[in-house]
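With the hints as constraints, model all of the structure from the sequences given.
From first to last, the protein sequence lines stand for chains A and B. The first sequence begins at 6 in my numbering and counts up one residue at a time. The second sequence begins at 6 in my numbering and counts up one residue at a time.
Any given hint might turn out to be false.
Pairs of lysine-lysine, DSBU-like flavour, derived with a Cα cap of 30 Å [claimed, not checked]:
| # | chain 1 | residue 1 | chain 2 | residue 2 |
| --- | --- | --- | --- | --- |
| 1 | A | 152 | B | 235 |
| 2 | A | 152 | B | 323 |
| 3 | A | 7 | A | 22 |
| 4 | A | 323 | B | 316 |
| 5 | B | 152 | A | 244 |
| 6 | B | 224 | A | 152 |
| 7 | A | 313 | B | 152 |
| 8 | B | 244 | A | 244 |
| 9 | B | 313 | A | 235 |
| 10 | B | 313 | A | 224 |
| 11 | B | 151 | A | 313 |
| 12 | B | 235 | A | 235 |
| 13 | A | 235 | B | 316 |
| 14 | A | 151 | B | 224 |
| 15 | A | 224 | B | 235 |
| 16 | A | 224 | A | 151 |
| 17 | B | 313 | A | 151 |
| 18 | A | 224 | B | 244 |
| 19 | A | 151 | B | 244 |
| 20 | B | 244 | A | 152 |
The hints are simulated quantities; they were obtained by calculation from the structure and are not laboratory data.
Number of protein chains: 2
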Amino acid sequence: MKDKIRVGYVGLGGRGKGQMSLSLEMDDIEVVAVCDVYDDRVREALDIIRQKRPEIEAQGYADYRELVKRPDLDAVVVTSSWQMHARIAEAAMRAGKYAAMEVGGASSVEECWRLVRAYEETGVPCMMLENCCYGREELALLDMVKKNTFGELIHLDGAYAHDLRDEITGGLIRRHYRFRNFQRRNGDLYPTHALGPIANMLNINRGNRFTMLTSMASKSRGLHDFAVQKYGVDHEYAKINWNEGDIVTTLIKCANGETIRLRHDDCLTRIYSRELCVRGVRGMYQEDGDRYLIEGENPWPEGSWEPKWMKFSEDLPKRDHPLWKWFQQAGVKGGHGGMDFLVQRAFFEAVKAGTQTPIDVYDAAAWMSITTLSEQSVAMGSLPVPVPDFTNGLWLDRGPDPKSRYALDAVHYDLFD
Amino acid sequence: MKDKIRVGYVGLGGRGKGQMSLSLEMDDIEVVAVCDVYDDRVREALDIIRQKRPEIEAQGYADYRELVKRPDLDAVVVTSSWQMHARIAEAAMRAGKYAAMEVGGASSVEECWRLVRAYEETGVPCMMLENCCYGREELALLDMVKKNTFGELIHLDGAYAHDLRDEITGGLIRRHYRFRNFQRRNGDLYPTHALGPIANMLNINRGNRFTMLTSMASKSRGLHDFAVQKYGVDHEYAKINWNEGDIVTTLIKCANGETIRLRHDDCLTRIYSRELCVRGVRGMYQEDGDRYLIEGENPWPEGSWEPKWMKFSEDLPKRDHPLWKWFQQAGVKGGHGGMDFLVQRAFFEAVKAGTQTPIDVYDAAAWMSITTLSEQSVAMGSLPVPVPDFTNGLWLDRGPDPKSRYALDAVHYDLFD
Numbered sequence: 006m007k008d009k010i011r012v013g014y015v016g017l018g019g020r021g022k023g024q025m026s027l028s029l030e031m032d033d034i035e036v037v038a039v040c041d042v043y044d045d046r047v048r049e050a051l052d053i054i055r056q057k058r059p060e061i062e063a064q065g066y067a068d069y070r071e072l073v074k075r076p077d078l079d080a081v082v083v084t085s086s087w088q089m090h091a092r093i094a095e096a097a098m099r100a101g102k103y104a105a106m107e108v109g110g111a112s113s114v115e116e117c118w119r120l121v122r123a124y125e126e127t128g129v130p131c132m133m134l135e136n137c138c139y140g141r142e143e144l145a146l147l148d149m150v151k152k153n154t155f156g157e158l159i160h161l162d163g164a165y166a167h168d169l170r171d172e173i174t175g176g177l178i179r180r181h182y183r184f185r186n187f188q189r190r191n192g193d194l195y196p197t198h199a200l201g202p203i204a205n206m207l208n209i210n211r212g213n214r215f216t217m218l219t220s221m222a223s224k225s226r227g228l229h230d231f232a233v234q235k236y237g238v239d240h241e242y243a244k245i246n247w248n249e250g251d252i253v254t255t256l257i258k259c260a261n262g263e264t265i266r267l268r269h270d271d272c273l274t275r276i277y278s279r280e281l282c283v284r285g286v287r288g289m290y291q292e293d294g295d296r297y298l299i300e301g302e303n304p305w306p307e308g309s310w311e312p313k314w315m316k317f318s319e320d321l322p323k324r325d326h327p328l329w330k331w332f333q334q335a336g337v338k339g340g341h342g343g344m345d346f347l348v349q350r351a352f353f354e355a356v357k358a359g360t361q362t363p364i365d366v367y368d369a370a371a372w373m374s375i376t377t378l379s380e381q382s383v384a385m386g387s388l389p390v391p392v393p394d395f396t397n398g399l400w401l402d403r404g405p406d407p408k409s410r411y412a413l414d415a416v417h418y419d420l421f422d
Numbered sequence: 006m007k008d009k010i011r012v013g014y015v016g017l018g019g020r021g022k023g024q025m026s027l028s029l030e031m032d033d034i035e036v037v038a039v040c041d042v043y044d045d046r047v048r049e050a051l052d053i054i055r056q057k058r059p060e061i062e063a064q065g066y067a068d069y070r071e072l073v074k075r076p077d078l079d080a081v082v083v084t085s086s087w088q089m090h091a092r093i094a095e096a097a098m099r100a101g102k103y104a105a106m107e108v109g110g111a112s113s114v115e116e117c118w119r120l121v122r123a124y125e126e127t128g129v130p131c132m133m134l135e136n137c138c139y140g141r142e143e144l145a146l147l148d149m150v151k152k153n154t155f156g157e158l159i160h161l162d163g164a165y166a167h168d169l170r171d172e173i174t175g176g177l178i179r180r181h182y183r184f185r186n187f188q189r190r191n192g193d194l195y196p197t198h199a200l201g202p203i204a205n206m207l208n209i210n211r212g213n214r215f216t217m218l219t220s221m222a223s224k225s226r227g228l229h230d231f232a233v234q235k236y237g238v239d240h241e242y243a244k245i246n247w248n249e250g251d252i253v254t255t256l257i258k259c260a261n262g263e264t265i266r267l268r269h270d271d272c273l274t275r276i277y278s279r280e281l282c283v284r285g286v287r288g289m290y291q292e293d294g295d296r297y298l299i300e301g302e303n304p305w306p307e308g309s310w311e312p313k314w315m316k317f318s319e320d321l322p323k324r325d326h327p328l329w330k331w332f333q334q335a336g337v338k339g340g341h342g343g344m345d346f347l348v349q350r351a352f353f354e355a356v357k358a359g360t361q362t363p364i365d366v367y368d369a370a371a372w373m374s375i376t377t378l379s380e381q382s383v384a385m386g387s388l389p390v391p392v393p394d395f396t397n398g399l400w401l402d403r404g405p406d407p408k409s410r411y412a413l414d415a416v417h418y419d420l421f422d
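Have a look at this one:
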């Protein structure tokens, strides 16, 4: 077990800067290398390091291939544009460094295979930093699922439902990769915030797997309408043709017969939700409405033909995952209500201990592949497309890794001290 | 305009008896003929008529083909099993009687065409009694859509989400047709409660139409699990193989680019919802959570990055459809919060006036076809299947009929006196 580890950050936009700053608050993490194609971002990142951790001597890079070569690095965190995640992570693994990638979707199935190949050829782990796997609600639900509270799982819903019209339409001036993605592509561009937690509940790649999906895109009106509203009808942004459908719905089938409904929903007015819904034979949970039902536990009003909902947020303290309880006792840190801290620590603990990461390369490949497969299905008029088995059959015998200190289900193996 | 009309009821199970009893409360409706294959149901229906309206001389039938022949009948209401709706309605039209069908789905596309053919060859209208088109919330939303409150519509959700495990598993002893449907079929068996109101909002068959769908079914576990719980593992009900997936999700694409997500969800523990969700460029409504958003109208808390939901039920009085306001002043009658009364009156008013029905044969054909098309898609592994244009091109030039007193959008033509 290493006392300290040395980390490089590639991609220093808003998210990269934020994640790096959070790492700098951890005494055992030294960010010694930062990289971006934009020089001003590199300078700003170096300034932040000097301010927060004057004892660290950090170096800036314009080319990630130079950064990953540094022999003193233990790990590389990739916080670049979506389309660069896999190739930078692959380069890191092939240079012998633990790779962590921010969330995003793949541009091709081959891109996912490259990650798998790099891991299998080098033995170096690769983790997707899917922070929502460490969300308080998601962790509590995972614990309930592992305890069979909902009975056998049948169907789950999830979404990335976030009004990003302002960010997307103004993305070009902000050098944000979302702009080109929404302009040129059409599919579920950002599946993992909901799909990661769902995959954990369904044991995907651990006795279950995604087998196929079909995807349907609505027309595209929201971004144009917003641009006209905000910039005026004669502005160049009002003349852009956006390819991305406002609502993209994907249905995924699993080997064990469960279905998943995923929604990508960034281009219309709305209020944020991940639309998580868990349906089992004996219970259900629904984020929208903050409600849940466990057969036999819900109050049943006299004379009513059905029980009454229970409020999930009220019962959360008694449903909390042990990892969250431990985390609360330790004191909440970092963004997004603690998720960012937890997911970073899960990665760094694995790096320090030299163990597998709780979210591994097969998870990353399967989750990211949904984007390119969704695009394929949309392009072919919602034709069903198969999801590859990125484990090449290993999913049949794989179970959760009991050695990961921060494994999502570590608690079920009595690993907490 | 006829002062009184004479009506026959075919199918006298729970729903038939209920609808007939409601008709008997209307002074201008005379139920003079009742029909069922079960003799005890016919006797019971005749008893109800004698009690409620002793002045009516009603006759019982075992064969609907005899009932529809009666020359004194103005209309036939079909409240039989799903699989008999279309053939009885067709027989009624061909005998010159206005036909009304309870809700349900088709067993084949040909069945839908038969309805269309019978109408086009006879000129006799046929209405599906989709009561949810007259639900208070659905009417208010229709009015908001017609006023462009949500902006251009992009996507809608809907469901029949109703824990019917007890009714379905015990259906055989209760002579309920649901039993065989869930045992043998696999698809969205009951699409119209949500799809009818959605079709009205999207102007389906009136300048828009369903073009294709894809459907995915989860595994089937809920009914078996329930039967084991309730009857014991050795009971014959615990040994039934149910074909119907617990959750069947259908995605429908429309000619004007809108998408619809429909869910059939009767086999797991849950609390009732039609899961209605309306997504426009400038606003949204969501039944689950009782909330809505209209750009510029929602409160926006100081310092928050997004507005706050408004509660739909609280604002309903100011959003009510004029038809509902009129109805409330007249005094609410009938089941399901007034919907049953409104939908019956819509039909009977058309019969009395000799006009087209507000929900017409093309609506019935398109809505019912979703069931058989969903089965086809599920059978073929979620392959997309085309939805026929049951208007044979008339949808291009069809608009709402301004002559129907109870037309769903009558208010927009100043038809209320």
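For this session: Take the C-alpha atoms of residue 244 of chain B and residue 152 of chain A, compute the straight-line distance between them, and say whether it is at most 30 Å.
Result: 27 Å, holds
For this session: Decide if the proposed pair is consistent with the structure: residue 224 of chain B and residue 152 of chain A, CA atoms, cutoff 30 Å inclusive.
Result: 21 Å, holds
Problem set entry | Pair hint outcome, residue 244 of chain B versus residue 244 of chain A [Cα-Cα no greater than 30 Å] | 62 Å, violated
Exercise. Taken at face value, is the distance from the CA of residue 316 of chain B to the CA of residue 235 of chain A at most 30 Å?
Worked result: 27 Å, holds
Exercise. Is residue 313 of chain B close enough to residue 235 of chain A, meaning Cα to Cα at most 30 Å?
Worked result: Measuring from Cα to Cα gives roughly 21 Å; hence the hint holds.
Exercise. Straight-line Cα separation of residue 323 of chain A and residue 316 of chain B no greater than 30 Å?
Worked result: Given that 30 Å is the threshold and the Cα spacing comes to 28 Å, the pair holds.
Exercise. Taking only the CA atoms, is the gap from residue 152 of chain A to residue 235 of chain B under or equal to 30 Å?
Worked result: Measuring from Cα to Cα gives roughly 23 Å; hence the hint holds.
Problem set entry | Holds or violated: residue 224 of chain A to residue 244 of chain B, with C-alpha atoms at most 30 Å apart | 46 Å, violated
Exercise. Quick one, are residue 313 of chain B and residue 224 of chain A close enough, alpha carbons at most 30 Å?
Worked result: 27 Å, holds
Exercise. Between residue 313 of chain A and residue 152 of chain B, does the CA-CA distance stay at or below 30 Å?
Worked result: At roughly 35 Å apart (the allowed maximum being 30 Å), residue 152 of chain B and residue 313 of chain A break the hint.
Exercise. Given the hinted pair residue 151 of chain A and residue 224 of chain B, is their alpha-carbon gap at most 30 Å?
Worked result: 20 Å, holds
Exercise. Given the hinted pair residue 151 of chain A and residue 244 of chain B, is their alpha-carbon gap at most 30 Å?
Worked result: 28 Å, holds
In this structure, the earlier hints numbered 2, 7, 8, 11, 12, 15, 16, 17, 18 are contradicted, and the remaining ones agree with it.
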